[in-house]
Amino acid sequence: MNTEVQDTTETRKLITVTLTGEETQQEEQAIVKEFLKIAKIPGFRPGKAPQEMVKKRYHKEIAKELEQRLVGKAHESGVAKSDFEVFNVIDLDAQVTKA
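Numbered according to my numbering, the sequence shown spans residues 1 to 99.
Because the hints were derived from the structure by calculation, they are not lab data.
Just so you know, even glycine gets a beta-carbon here, dropped at the ideal spot from N, CA and C.
Careful, some of the hints might be misleading.
Unchecked claim - Taking lysine-lysine and the DSSO-like style, the derived pairs with C-alpha atoms no more than 30 Å apart in a straight line are:
id, residue 1, residue 2
1, Lys55, Lys37
2, Lys33, Lys73
3, Lys55, Lys73
4, Lys73, Lys56
5, Lys40, Lys73
6, Lys81, Lys13
7, Lys48, Lys60
8, Lys64, Lys40
9, Lys33, Lys60
10, Lys33, Lys13
11, Lys48, Lys64
As the list claims (entries may be wrong) - Okay, the calculated beta carbon distance ranges per label pair:
id, residue 1, residue 2, range
12, Met1, Pro50, 29 to 35 Å
13, Val86, Met53, 23 to 29 Å
14, Phe87, Gly47, 29 to 35 Å
Just need the whole structure built from these sequences, with the hints factored in.
This is the structure we're talking about:
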């Protein structure tokens, strides 16, 4: 995780956090494992459905959860690595780009 802090004004900072594809994949795998435990798919007992089937059926929910977790982790990491106190988050913009 790479963190960069820029001064935009005297009282505002811009924190840019860059995650690697490996970090993103690890987080996605953790989420899929959680979904595997509770997924209800016809013909399978809970926790016994194939991973690919769970990914396909719950792809929107998995993507939403992944975004929420990554943004949360990036925010925590950015604030933890900076030397200032955060009083209010003005704008939180998650941009996904593939390198």
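Please list, smallest to largest, the hint numbers that this structure does not respect. The structure conflicts with hints 10, 13, 14, although it agrees with all the remaining ones.
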